[in-house]
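J.: Chains as they are written, first to last, in our numbering: chain A, 1 to 282; chain B, 283 to 565; chain C, 566 to 832.
Treat the hints with care, as some may be off.
Said to hold, decoys possible - Distance condition first, Cα-Cα at most 25 angstroms in a straight line; then the derived PhoX-like pairs of lysine-lysine: (1) C:Lys741 to A:Lys84; (2) B:Lys540 to A:Lys177; (3) C:Lys800 to B:Lys447; (4) C:Lys802 to B:Lys422; (5) A:Lys256 to B:Lys539; (6) B:Lys552 to B:Lys522; (7) A:Lys282 to B:Lys564; (8) B:Lys552 to A:Lys256; (9) C:Lys744 to A:Lys149; (10) B:Lys561 to A:Lys256; (11) B:Lys552 to A:Lys177.
To be verified - Now the stretches of chain C that chain B is said to cover, found in silico as 3 or more residues with beta-carbon under 8 angstroms: (12) 730 to 740; (13) 784 to 792; (14) 797 to 810.
Bear in mind the hints are in silico, worked out from the structure with no lab data behind them.
Bear in mind the structure is a predicted one, so any value in this text is a computation, not a measurement.
For each residue, glycine too, the CB sits at the ideal point set by N, CA and C.
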Amino acid sequence: MSIILDHINYIYDEDTAMAHPALIDVNIKIENGEFIGLIGHTGSGKSTLIQHMNGLVKPTSGAVYFDGKDISDPDFDRKALRAKVGLVFQYPEHQLFETDCFKDVCFGPKNLGLSQKEVELRAYEALKQVGFDDDYFYQSPFDLSGGQKRRVAIAGVLAMKPEILILDEPTAGLDPKGREDILGLIKSLHDEMGITIILVSHSMDDVADYVDRIIVMNKGKVAFDDIPKEVFRHRKELEEIGLAAPQVTYVMQELKAAGFDVDVDVTTLDEAKNEILRAFSK
Amino acid sequence: MIRTNKLVFEYIRRDEEGNVEGITRAVDDVNIDVKPGQFIAVLGHNGSGKSTLAKHFNALLYPTEGEVIVDGMNTQDGEKLWDIRQEAGMIFQNPDNQIIGQVVEEDVGFGPENMGVPTDEIWERVDESLRTVNMLEFRKSSPNHLSGGQKQRVSIAGVIAMHPKCIIMDEPTAMLDPNGRKDIIRAARALNSVEGITVILITHYMEEVIYADKVFVMDKGHVEMQGTPKEIFSQVEKLKELRLGVPQVTLLAHELKKSGLPLPDGILTKEEFVEELKKLKKK
Amino acid sequence: MLRDITLGQYYRTESIIHKLDPRVKIIGTFVFLIAIFMVNNALGYAIAGLFLAMNIKLSNVPVKFIFRGMKSIFFLLMISIVFNLFLTPGTPILTVWKIKITKEGLKIAVKMAIRLVFLITGSSLMTLTTTPNNLTDGLESVLKPLKIVHVPVHEISMMMSIALRFIPILLEETDKIMKAQMARCADFESGSIINRAKNMVPLLVPLFISAFRRAMDLAMAMEARCYRGGEGRTKMKPLIYKKRDMLAYLVLGLFLVVCIIFGRILF
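Bound-form chain A, shown alone (with noise of 0.2 angstroms):
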């Protein structure tokens, strides 16, 4: 499985007084089994970006290829696409509709047109592997917290047996416990499934924990492309763009300043840790 992004552009509202570009010339190539953090403030374009991915948003130049194919092809399947490329929005109650869990997770299978003891077994597999309790199958989706809807929601995609899964801040109004549970859950499916992963966010403090590889978009361009150290020795640009690099690469950098001889390229909690502890030991 691979996704060739190949000189994308998109015009918003194209033939209208208001149109303006959303993207511009984006190139990105997405292998198998990779965990890639796009981060980019509110209009930064990330999220017209996913819609190209699973072919929702058709490119106004340039071309989509999904394991080498066009996929604006008149004979290729755009169905098989999106159940392939899995994309789940940022709020679960764009999607929740049926009057139990279970029911909704079947909606996806369901659409693909497969055997109702087939849709069923998806469904139940997918609930499972979120983690879900047997007890909320059958209860309406919306008397759930919202981490459990969310998690409903990834379900929902995850029954369609995609080999990419993309999700738009999939953490956005949680509280730090539902936070960690839900970026817990993708770590899960990337490490476990091997689910090829796309976690969109504007925080890097969440992403940098967990990805191996960081996008960043600016006003419809890629800015960055690149493993989280490199993207952020690029502090300074970042903060131009209104995004911070993680907060223990700023302590790191003020400690290095005050004359600890400390790795200011460290970007997790735990490297820090070390990083100080061996500072110290010294």
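Starting from the known structure of chain A, arrange chains B and C on it as the hints suggest.
T.: Coordinates of chains B and C only, in the frame set by chain A:
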């Protein structure tokens, strides 16, 4: 300014046919006392009862037992209802669902209109409130064209225009991006320090409460912890139990302490952290 | 962008018509309506047409913009013409097989067509030159006398203005929900009509739930800001008649009198 006395709030849960399923105690025996001019933070995970508590402060909800006193007025005193709502303004979570006007300045004028303020004075109040939150240049804009942070600032202006003594902010940043979040917290702090308005900030973002005078931590309807931010954040393990976290610097200091570095508890800012490490190094 | 849709199609420009008090425009539209139903000769229609043309000219709204609205009523116009033309009894002037066109039919058809066109043009001129806000304010004020018979005038206009604010938000939300369901392979475009209606459920349920939620939030926010109905409320932007509004009323009165004299009584 605001005092609660053994406040209890219960609601009845019903199933789909309307039969009583049970009673939930959302707020349970809460006693808090907010002094005028304070910046108070109420922390708690989702479902801890903090929003329910907040809605008691301006008589949107009434206690099942106990009482809530706002500036000497009991919220259950029907005659004082509108005075209480004017004195204790409220900001809600969703920026879209609290803007009534189709033009920014008209929305800010909505509160004063309801209070029967004369037209000329409404205009003065609107000008001054929009200036306070730095949104004067957007006065003729449609709220639909503003960012989340800007919309929340309009909502704050709408409350300021009612000349409240106290502003209660019920998770005002939960739906905003980091920049919007910073804007709102900055505005809240300025209101408190410059205008002298009592601010009660309800949130689950730890970074937002480090400047508060006092923090209340809620769990299952109770006030589980209270104290200065330093006192609260020195109890990292307890906070974790309550489904909350601590600011990253605090967590780092805590982890280092566990690994044997003799750091004090409750370090809140990176400046503090660096200072403490320097002291350690000198030894 | 969906958020830019304005209802009633306000056309933003500077003109004397735009500046007029909304009450003048609402009452003016009503007077014009009375006038075109009062007159019954060619001269009367000519006067009304001239008056309308003058207002369009003054409003600075491009003519093609006004007549764009005509497209939607073209069908209605055709039906009215056909019915009147063929079904009015009277002296036949043209007979084709069993269908005959009568002199009276022709007269009524032309009359109805002119009235309909004038009516639509006149009222769209009003919405094109008045912001939705002003329109609701104006309506509230004009309809105030109905309060005596317990019509909740203030509440109605408040509802209108809130609806106007939330329509773009809900449209955008519809778009988001549609995409979220399409990501789960939902199909909104193909299939029979019954199937298509069925396929709308995953779109409508989240939309309704969200709309109710918003309504509840908004009600609470309004209460928190001391909203308690129209009693004792002051206005930030009260409607005050200016000199030009008085002048406009005078012109309107004159127009009505002239129309009645030349269009009905004299000839």
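J.: A separate judgement is required for each hint: does it hold in the structure or not?
T.: Going through the hints against the structure:
no.: 1; hint: C:Lys741 to A:Lys84; verdict: 20 angstroms, holds
no.: 2; hint: B:Lys540 to A:Lys177; verdict: 21 angstroms, holds
no.: 3; hint: C:Lys800 to B:Lys447; verdict: 24 angstroms, holds
no.: 4; hint: C:Lys802 to B:Lys422; verdict: 13 angstroms, holds
no.: 5; hint: A:Lys256 to B:Lys539; verdict: 20 angstroms, holds
no.: 6; hint: B:Lys552 to B:Lys522; verdict: 21 angstroms, holds
no.: 7; hint: A:Lys282 to B:Lys564; verdict: 14 angstroms, holds
no.: 8; hint: B:Lys552 to A:Lys256; verdict: 13 angstroms, holds
no.: 9; hint: C:Lys744 to A:Lys149; verdict: 18 angstroms, holds
no.: 10; hint: B:Lys561 to A:Lys256; verdict: 15 angstroms, holds
no.: 11; hint: B:Lys552 to A:Lys177; verdict: 23 angstroms, holds
no.: 12; hint: 730 to 740; verdict: holds (count 3)
no.: 13; hint: 784 to 792; verdict: holds (count 8)
no.: 14; hint: 797 to 810; verdict: holds (count 7)
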